[in-house]
Amino acid sequence: MALFPLISNFEGDFVLQLVPVDTENTMDEVAAAAAHHSVGRRVKPRPGHVIRVRKQGSEELIPRTAKISEAGIKPMECLEFVWEAPKH
Amino acid sequence: MAVLNRTDWYDVARTTNWTPKYVTEDELFPPELSGSFDIPMEKWEAYDEPYKQTYPEYVKVQREKDAGVYSVKAALERSKMFENADPGWQSVLKLHFGAIPRGEYAASTAEARMMRFSKAPGMRNMATLGSMDEIRHAQLQLYFPHEHVSKDRQFDWAHKAFDTNEWAAIASRHFFDDIMMARDAISVGIMLTFGFETGFTNMQFLGLAADAAEAGDFTFSSLISSIQTDESRHAQIGGPTLQILIENGRKEEAQKKVDIAFWRAWRLFSVLTGPIMDYYTPLEHRKQSFKEFMQEWIVEQFERSILDLGLDKPWYWDIFLEQLDQQHHGMHLGVWYWRPTVWWNPTAGVTPEERDWLEEKYPGWNDTWGHCWDVIIDNLVEGRTELTLPETLPIVCNMCNLPVNYTPGNGWNVQDYSLEYNGRLYHFGSEPDRWIFEQEPERYAGHMTLVDRFLAGLVQPMDLGGALAYMDLAPGESGDDAHGYSWVEVYKQLRMKKAS
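Top to bottom, those sequences are chains A and B. Quick note: the first sequence uses the numbering used here, first residue 1, plus one each step. Quick note: the second sequence uses the numbering used here, first residue 89, plus one each step.
For the record, the hints were derived by calculation from the structure and aren't laboratory data. Please read these numbers as outputs of a predicted model, since none were measured by experiment. Be aware that a few hints might be false.
As the list claims (entries may be wrong) - Label pairs and their computed distance ranges (CB to CB): (1) R392/B with A71/A: 50 to 58 Å; (2) D568/B with H49/A: 30 to 38 Å; (3) E59/A with K131/B: 54 to 62 Å; (4) M584/B with S69/A: 32 to 40 Å; (5) E235/B with S69/A: 57 to 65 Å.
Said to hold, decoys possible - As a list, the in silico BS3-like pairs of lysine-lysine whose alpha-carbon atoms are at most 27 Å apart: (6) K379/B with K401/B; (7) K109/B with K161/B; (8) K87/A with K74/A; (9) K44/A with K586/B; (10) K239/B with K44/A; (11) K585/B with K44/A; (12) K131/B with K344/B; (13) K449/B with K161/B; (14) K55/A with K87/A; (15) K109/B with K168/B; (16) K55/A with K44/A; (17) K44/A with K161/B.
What the hints assert, rightly or not - To give an idea of the chain A side of the interface with chain B (calculated C-beta under 7 Å), a few residues: (18) N9; (19) K44; (20) G48.
For every residue, glycine included, the Cβ atom is placed at its ideal position computed from N, Cα and C.
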């Protein structure tokens, strides 16, 4: 358990933001923390979509249950938060 | 006795490169202050200033300029122009006066460095006058806003801004320290007078004076015009400086200094001038968009200036041209969203008519920037103002110290340009910002952005209140929407019309 600062680059938003999370947070929890500063503020909510996390420049999404401490993420690394459409 | 014409004696009188007997040349002109570039003394004497003026001529002309600008102010003091001005225009004045005069005062020191330490006699003479110009500009632009301090304490920031850790003040200081306070005389000549003044401010002041006249603010218009006439003279210090460097095999170094200064000036312009022209200036007074202004007055003029001198366009020219469509919209949105952190009241500038204008000038605006504003407008219409205020910090660039931002919405294209240096991760808002850092990392590596300071625990408590206290923004100074959200009414009416 340790405070862990990250940079959020949220799909549809215009600015990088500082998001404090915890090393034990999962990617879903990290995504929720990032969404708090973008969705409903400058980005329209997309009901039914899931917010996924990937490293900048990577197409590979980090598993939703992976914890910060397990994902090889550095403090103040820039993560991209992207919308995933619901699977039918 | 007949008096000689100035042209008959000027060159002889200002050629003051005597041969020192008691000290070495390096003692008289320390390289770190003079910036000799290993060019011999006699080569610097070839410096041919395009604007030749003597001290008596200078004093006579400046006295007339001062008399003119102070009389306009005195004549219009009771006109109530300020009280009746659109709040957007009042914000332009507050932003300008906070951002400029103390920088002008610092510039007098930079000019003084050229005056004392340049090896080019002609440059020394021009810089002597330039240094006095800058003192005049500082005094004028501190005096003029002072009459408004009793009406609105945000005007106190004309004097205060540069002494604070407010984010825009940090960005300004970082830029001016880099190009003019911590450079040798020759680099100051290139980076301040050519990169910044020839490239940007000389033309920008022309545009600003015209905008002020259009808005009916003749006091500000005459002030800016008066300053611009000085700028157009001392901005010419850099051209002949570059010529000497190029003629003596130093083109590469000259080019790099121009490239660094121009980019850094552009970033500052994107936050200071872009929003003013495209959002703060009332729609009916807008003559051209910021992009049109930049293309006509900055891009074309600067391209001509550098090519005439034998330099090349900066390597990032295509990136710069692309940013003209986007970057200032993000700076504006950022300033408005984080409005409690500035000393002026930002105008939103997004009524339906204004959005039509933005779409016309910047095709695709509604599909990108408009998406963010749609959410903000919805929140304001629904009374959710708290969602239009920040709860965290934006990441700011380790070079320009401005928020890292770019196109949102359907054109989402935001990126962190990062760099790891000596174990520390740095973040930049663009490729050229990172490139500048890489040219001389030790020069910049120790500086802490506002976000770095926050993470280091220098901002306490670690919330908006703590950040405002750190930035010295007292209640009554902290920014809010310029029009008190009155522009939201039209959207409420549209919503009701749609519902009925």
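A quick look at each hint next to the structure:
no.	hint	in the structure
1	R392/B with A71/A: 50 to 58 Å	52 Å, holds
2	D568/B with H49/A: 30 to 38 Å	34 Å, holds
3	E59/A with K131/B: 54 to 62 Å	56 Å, holds
4	M584/B with S69/A: 32 to 40 Å	51 Å, violated
5	E235/B with S69/A: 57 to 65 Å	59 Å, holds
6	K379/B with K401/B	19 Å, holds
7	K109/B with K161/B	52 Å, violated
8	K87/A with K74/A	31 Å, violated
9	K44/A with K586/B	20 Å, holds
10	K239/B with K44/A	40 Å, violated
11	K585/B with K44/A	23 Å, holds
12	K131/B with K344/B	21 Å, holds
13	K449/B with K161/B	35 Å, violated
14	K55/A with K87/A	23 Å, holds
15	K109/B with K168/B	63 Å, violated
16	K55/A with K44/A	22 Å, holds
17	K44/A with K161/B	49 Å, violated
18	N9	5 Å, holds
19	K44	6 Å, holds
20	G48	18 Å, violated
Hint check: violations occur at hints 4, 7, 8, 10, 13, 15, 17, 20; the rest are consistent with the structure.
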